[in-house]
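Asks: Each chain, letter by letter, is given below.
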Amino acid sequence: MRVLLSLALGATVFASVGAGAASARTDATPGPPLQTPPVYHSANGVLAVTIDAAPTRVSLGDRVIDGATYNGSYGGPVLRLHPGDTLRMHFVNHLPQVTNVHFHGLGVSPKGHGDNSMHMVKPGETWDYIIPIPKDHPPGVYWYHTHGHMAAERQLMGGLSGTLVIEGLQDEVPATRPLVERLMALKEFSPGSGGKLNSVPKPVNGVIRSINGQVDPTIAMRPGETQLWRLSGQTANTYFRLRLDGAKVIVLGRDARPLPKPEPVDQVLLGPSERADVLVTAGAAGSYRLMAAALSTGPIGDLYPAQEIARVVVAPDAALGPPPVLAPLVVNAPGQRPIAGDNIAAKRLVVFSEDRVTGLFFINHQTFDAGRVDVRIPLGSIEDWTIRNSSEELHVFHMHQLPFQVLSINGKPVPFNGLRDTIDVPIHGEVRLRMAFTDPLIVGRFMYHCHILEHEDKGMMAQVEVFDPKAPVKPDAMPMGHHAG
Amino acid sequence: MRGSRRGFYAALALATVGVGTHAAAQSASGPAGGSSGKAQTGAAAGAAGGGSADDMVMPVGNWPRLSLATIANFEFSGLGASDGPGRGPQPYLRFDSTALVDVDDKLSFDGLFQFKARQPRPADDPNRDLFINQGAGRRVGGKFKELYARYDTWRVGKFVQNFGRAYVLLPGPFAADFVEEPDQGYEPSEMLGVERLHVFETEKYGWQQLSVAAFMVDRTFLHRSFPYDEGQIHYRDGGIGNTRYPENLMVTYDVLNAPLGRGAQLSFQASAIRWGKSYNAEKREVWTTAGTDIAIPLSGSVDDTLSGRYSQLRFYVEGAHRSNFLGVGHASRTYLSGSTELLRGRWQFDVTTTQRWTRDPVAPLRKDELYTGTVGYNFPTQSLLMVSFADEKVGDRHGVYAGIRLQQTFTTCSRCMAHGRAY
Numbered sequence: 003m004r005v006l007l008s009l010a011l012g013a014t015v016f017a018s019v020g021a022g023a024a025s026a027r028t029d030a031t032p033g034p035p036l037q038t039p040p041v042y043h044s045a046n047g048v049l050a051v052t053i054d055a056a057p058t059r060v061s062l063g064d065r066v067i068d069g070a071t072y073n074g075s076y077g078g079p080v081l082r083l084h085p086g087d088t089l090r091m092h093f094v095n096h097l098p099q100v101t102n103v104h105f106h107g108l109g110v111s112p113k114g115h116g117d118n119s120m121h122m123v124k125p126g127e128t129w130d131y132i133i134p135i136p137k138d139h140p141p142g143v144y145w146y147h148t149h150g151h152m153a154a155e156r157q158l159m160g161g162l163s164g165t166l167v168i169e170g171l172q173d174e175v176p177a178t179r180p181l182v183e184r185l186m187a188l189k190e191f192s193p194g195s196g197g198k199l200n201s202v203p204k205p206v207n208g209v210i211r212s213i214n215g216q217v218d219p220t221i222a223m224r225p226g227e228t229q230l231w232r233l234s235g236q237t238a239n240t241y242f243r244l245r246l247d248g249a250k251v252i253v254l255g256r257d258a259r260p261l262p263k264p265e266p267v268d269q270v271l272l273g274p275s276e277r278a279d280v281l282v283t284a285g286a287a288g289s290y291r292l293m294a295a296a297l298s299t300g301p302i303g304d305l306y307p308a309q310e311i312a313r314v315v316v317a318p319d320a321a322l323g324p325p326p327v328l329a330p331l332v333v334n335a336p337g338q339r340p341i342a343g344d345n346i347a348a349k350r351l352v353v354f355s356e357d358r359v360t361g362l363f364f365i366n367h368q369t370f371d372a373g374r375v376d377v378r379i380p381l382g383s384i385e386d387w388t389i390r391n392s393s394e395e396l397h398v399f400h401m402h403q404l405p406f407q408v409l410s411i412n413g414k415p416v417p418f419n420g421l422r423d424t425i426d427v428p429i430h431g432e433v434r435l436r437m438a439f440t441d442p443l444i445v446g447r448f449m450y451h452c453h454i455l456e457h458e459d460k461g462m463m464a465q466v467e468v469f470d471p472k473a474p475v476k477p478d479a480m481p482m483g484h485h486a487g
Numbered sequence: 016m017r018g019s020r021r022g023f024y025a026a027l028a029l030a031t032v033g034v035g036t037h038a039a040a041q042s043a044s045g046p047a048g049g050s051s052g053k054a055q056t057g058a059a060a061g062a063a064g065g066g067s068a069d070d071m072v073m074p075v076g077n078w079p080r081l082s083l084a085t086i087a088n089f090e091f092s093g094l095g096a097s098d099g100p101g102r103g104p105q106p107y108l109r110f111d112s113t114a115l116v117d118v119d120d121k122l123s124f125d126g127l128f129q130f131k132a133r134q135p136r137p138a139d140d141p142n143r144d145l146f147i148n149q150g151a152g153r154r155v156g157g158k159f160k161e162l163y164a165r166y167d168t169w170r171v172g173k174f175v176q177n178f179g180r181a182y183v184l185l186p187g188p189f190a191a192d193f194v195e196e197p198d199q200g201y202e203p204s205e206m207l208g209v210e211r212l213h214v215f216e217t218e219k220y221g222w223q224q225l226s227v228a229a230f231m232v233d234r235t236f237l238h239r240s241f242p243y244d245e246g247q248i249h250y251r252d253g254g255i256g257n258t259r260y261p262e263n264l265m266v267t268y269d270v271l272n273a274p275l276g277r278g279a280q281l282s283f284q285a286s287a288i289r290w291g292k293s294y295n296a297e298k299r300e301v302w303t304t305a306g307t308d309i310a311i312p313l314s315g316s317v318d319d320t321l322s323g324r325y326s327q328l329r330f331y332v333e334g335a336h337r338s339n340f341l342g343v344g345h346a347s348r349t350y351l352s353g354s355t356e357l358l359r360g361r362w363q364f365d366v367t368t369t370q371r372w373t374r375d376p377v378a379p380l381r382k383d384e385l386y387t388g389t390v391g392y393n394f395p396t397q398s399l400l401m402v403s404f405a406d407e408k409v410g411d412r413h414g415v416y417a418g419i420r421l422q423q424t425f426t427t428c429s430r431c432m433a434h435g436r437a438y
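As they're listed, the protein sequences go chains L and F. When we follow the numbering used here, the leftmost residue of the first sequence carries the number 3, and every step to the right adds one. When we follow the numbering used here, the leftmost residue of the second sequence carries the number 16, and every step to the right adds one.
Chain F with its partners taken away, still in its complex shape (with noise of 0.2 Å):
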């Protein structure tokens, strides 16, 4: 696979949604439901005592089995402020590196260290608020972002919950800004946690999944980074999630892939998470979200895509809602995002839009707006150049962007042998 198109945002997806169907992959009844454990037992030993003609000497084995890549961003931005300080182009380097570890068939280990700016901007900044997310002129740090192991169909550890996909589908570099992170936008990362998924059995009208996760926040040295140190969390910094125990519970259903006719396929989400209280919180959160995305190929042909002419529109929409932000009672925050995105052959353009609204008992309703527009170029070495705009409203404080971001994916090793050796 070349992981350039939609890159590390994609990949995350991925991560997201699709971490636990190796695992359902490995556990789930066969579709034709007549296989039992029992029967292919019976072979297996069949097989292993007669030693006859018929014998299935498979699988191959030769696990453990490595994956390793990184995903490089190269960003040359500048900011320029309607009132206020601006910012002159600056450089940002950002990286994200995956190593999988496949134990066997249902053990693995899984870590994704995040490398990129941390640095919050200054206080005094009136515009800090813009682009909150964005790198450019921020100290950087590195830590682990996802640390975790997977068994069947469970996962333990350090991971992004399963909770929305815009902050990761939106395509183009900056169209997630409203909508990363747990503080401001409402991705549920930085939590350790368990989670158990269960895949249903037809696939006729899509993937379709349930996850159930139980989580805190990371209050481990896992939250540090370097050479930039968020510092550790205690419980008593308070923040969404950061319970005593993992009292914060998310059900999450997914259809991924549905069919809709002339190879156009949708995926749905629809997610709750009730939040404990955290210390001195007033109140609970509670988030939820639903979002869809609509995937039609224009010219999808086989000859079309060899000959490099496939093209595909995608459309999504996803809404979330937070009650009593940020721990108040009363107060909440709705964001709703719209997309869409065009693949043309080795080019890609999106646009997208975020608007968020903040309601409080006593301030009044603060609308925030955010349109972005990339167009992309991927080249045959797994690079993907864009060119990027946004203009982004965050209360009164407005401002334009400008950059341009060269991704560049490294695939160091793909389930390659741990040990023993290949021909």
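Excised from the complex, chain L in its bound form (with noise of 0.2 Å):
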């Protein structure tokens, strides 16, 4: 019986443990006010901008960590350009080992020095990232974060991300225009001895979440009044299931792009890598907690503790007299339709799997290698794509350098409303995609994988090449190959 009770004590204890690991304010001092990173705006048409990645001292809460920050920013300088700008970003790696940029969700080049994630910048090294931003480039939230195949789960924890706005979301969506607009780059870290990063940083081991690298802070906002925020999920592995008691909460955007019908719901969930553009309207004045609602990704994976990532404050501002009241949601963006499905090109499957012994993580058997082109593709071809889940856990299915429209969900149609550039995979499940390689800009080599970086890292990436069959063929060129799926 003394066992037992031991037993039954020391599991309290594990529950205790994990529940304390979300760290969540509990009293009701509010916190610093939400505040947006250091922004760097375009102009002239040009963003020209000096992004130095380096090892950084990080105040996260109570706690100070061992991060790896651009510009000495662990909520990440904010980038913000007008479609037909330029981004010149001369960046300088001072960490102590190799890493990269790529710009996650932008219709730009993989080549050269565009948006090539397959360029690796050695420690002490630079390199210039020459993004020309097409001048109907959908407008929207993307975000801008470290590559580095192996090194992306621990570098991206470290805080090496930062957020892009190509601007003109406001015109899609007029109403949004008076709007008060918040950015918020959610961000994860898991905290070892001494402030350095878990050699296993899994939830089991601690995780601080943060918004704009702040933990639980305050947003302010008035009664009835509406806001723009502007989410997305600049982490490595966690998910969020977001709850704001006291409030209308309507997601008015996805993956940097408005949705066609806004979706009202009771909580957002956002994975890894995913945005989502939030219109949230204050009820009545009070405190009111933010939450990360508790969440699993599935038997084999993590589970992670609920926390308070910012608590609203809803307080008249006599200063500011009543909130303007939001016009009638009207959704005028071209570049939001289906995508055709007349002359499909090849139909592909891409399966990810893993193995519990090794540790590695597959994308149809196999784990990344830099030097395979595993799938082939003239530019011009629209084609639909099945990725199929056969883990016991989720995973999130990301294509570089094109958005695609997500035709179904374990068999079952998906009304269209609004392209992707992620989605989540069900565990057991599949999702069938559709994608149009039809832009001259994204012909070179770029990837696809899941975006859970642990996932990534250990080798659930594969690489795509979108080649211009009326180009001269190089000596090398290889023979074009689809996988009928």
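Simulated from the structure, these hints should not be mistaken for lab results. Accuracy of the hints is not assured; some may be wrong.
[Stated by the list, open to error] Listed below are the simulated DMTMM-like cross-link pairs for lysine to aspartate or glutamate, each with C-alpha atoms no more than 25 Å apart in a straight line:
| # | chain 1 | residue 1 | chain 2 | residue 2 |
| --- | --- | --- | --- | --- |
| 1 | L | K263 | F | D319 |
| 2 | L | K263 | F | D318 |
| 3 | L | K349 | F | E216 |
| 4 | F | K298 | F | E195 |
| 5 | L | K263 | L | D386 |
| 6 | L | K204 | F | D319 |
| 7 | L | K250 | L | E265 |
| 8 | F | K298 | F | E216 |
| 9 | F | K219 | L | E265 |
| 10 | L | K250 | F | D319 |
[Stated by the list, open to error] Quick list of simulated restraints, FRET-style, between CB atoms:
| # | chain 1 | residue 1 | chain 2 | residue 2 | range |
| --- | --- | --- | --- | --- | --- |
| 11 | F | W169 | L | P380 | 29 to 39 Å |
| 12 | L | G194 | F | P141 | 16 to 26 Å |
| 13 | F | E216 | L | N46 | 48 to 58 Å |
| 14 | L | D138 | F | Y392 | 50 to 60 Å |
| 15 | L | V41 | F | V118 | 37 to 47 Å |
| 16 | L | P330 | F | S314 | 33 to 43 Å |
| 17 | F | V118 | L | P380 | 50 to 60 Å |
| 18 | F | T217 | L | P330 | 49 to 59 Å |
| 19 | L | V41 | F | R211 | 56 to 66 Å |
| 20 | F | V402 | L | K250 | 44 to 54 Å |
For each residue, glycine too, the CB sits at the ideal point set by N, CA and C.
Using the hints, put the two chains back together into the complex; each one sits in its own frame.
Replies: Spelled out as structure tokens, the structure:
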């Protein structure tokens, strides 16, 4: 009996430790106001910025951690450009290991000094990213982050990411023009001893979730006020189930693009790398907890404890007066239309699987190999891809350089409500996608992978090459093949 | 990944089935069928020589990589025998530690160190065959159950052959009692050998692989354990697989996670081993097995999963046959196992049975039966608490068993850099 009692007590202690890892603030003292990280705006069609990646001691809540940041900002410098601008990023690697930058979601060239995730910047070296943003590029919230294979999980947890905004959402959804806009970079860190990142950075070893590098900040609103919250899941592994009592929440956009039909929700699900534009309308005056609810990523996945990630304080502001009333939502996003399916060039199957013993993750049997092109696609092709999850935890499919349309999930058709660049793949499930490899800008090699970066680092990534069949054939060009799925 | 749900058993299952996949993953041709080493070499050479902006500097490297994990089991259990001595509640600690060193993309070294009860029950205990593989009340010893090198699609060393899955996939801590280990069950452990794996290219109907192995009993010092020493085996000790040379041959075909629609997935294995004739044996044994499991998500949407409501039903059935059992002509042992497991959020429920028939040229047919049930709960701390019951009949002996087990996973390192500096 004593042993049984001990076991029960042990279990209780374990449970308590797990819950305590969230370190949510429970007192009534409001935290510091939510702040936006440093913002760099384009001028005269150019945003020229130097970004230094460097080890950084970071204050995160009541802890000091060993982070790795861009320009010293754990929340990440914000880059704001307009369609037609050019981003010139002089990138300096002060880290003790290789790294690079990927511009997540942008439909730009993967070659050369563009969004070239294959190119690694060695310690002490520099690289110039030159990213012309097309004039017709969809506006929205994108983000840039490290894409160093086998190092991305740890580097991103350290803080190597930032928000990138292509201006214009307020033109596509005029009702948002008078609203307060808040950029919110959601991040995670698994602290070990002395503030170092855990050797196994998992929620079981503790996790600190933050917004713009702030733990449990305060967000001020007025009763009845609607604000535009532009959330980006700048996490390596963590999902968010965000809930805010006393408020009305409408998901206005996903993955940088406004939804043709905005969706009222009672919680916002946000996986690693996913973004959501959310309209939040405050209720009566009071103090409300913005909660990241407890969640699980599956039987062999991770269990995350609940955590208060912000306090929303709703109070009248005499200086500002009553908030503007939200106008009817009219969405005018010309890029948000279904991809034509009358000429499908190929159907492909992508299977996510994993081996728990070796700790490796696979796409179609294989771990990532930078020297191997897994799929070659002629420019102009529209293809249907089936993404299958053969494991007992969630995966997040992401395709570089182009968005896709979700056709069905587990065989159930999904009505079109906007293009995406990431999609969650259910356990043992299948997601069918349609992709248009039609933009000449994307000619070149780029990746598709699971955006849970632990999985990506351990192999769950593959390479696609889009080639122009009309271009002169190089001597070493490979024959085209496709994998009829 | 969290290791606690199916714990050590599931981990070992994948060790058996998927251990070669790393190598396969590195060597199999691309699914597009369009890539070639020549072209890739050309691209790399161009990058190196030209220094253009299209350079591909990948991969990052940082080899070797280390992985270390331990699954500890603390058990408190007792046996009530219908006749003869029972066993009062006793504590028992067992642990399994895995170490993996990835030297590069193709070469790795894997080890599984197992610390568990090894001392046989007293010869004068009439119930010594009841729950023969259970630990409490016996002296413990640790040794490497597996220690091997893997290169590309090959592995060489000491490892459990990929024959049968029931001894690692049956849910619940006592469910595999009849089928574990090579003397009484059909787990080809304690073998040294070499294995070649072939993974079929298409994954449309699931991950399909063929493995071929040649092996023999480990007669090296690796067979010894500490502090309780099982001793070292010699050729003249005989026993299954104890041949002079690695002349025991296995062929196994696996299908993993073949989609059945509506999220259901099926795995299947068929395998055969032609054993060599060991010292003083009358006949060589031949083992055959076939087994399948079906996993059916009941509530498996992304929302359900994230909300902790994921639920899944899994059915498992496997049969195995040993002809010329223990080297005796016309003797045989046949096994049939079945289980049903329900995962619901953090809870798991399972029931399992194994029926075992032993035929002998002179002795009458003997039928053994095992029934178990387990309720488990996962804590966020990689801890799994299980309460299990079992009812077992071996020959004319019968007993019931009850126990509580706490399984704790400790992951020390997961493909950590062995040298060099992370940020």
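Asks: Of the hints given before, which are not true for this structure?
Replies: 8, 9, 12 and 17
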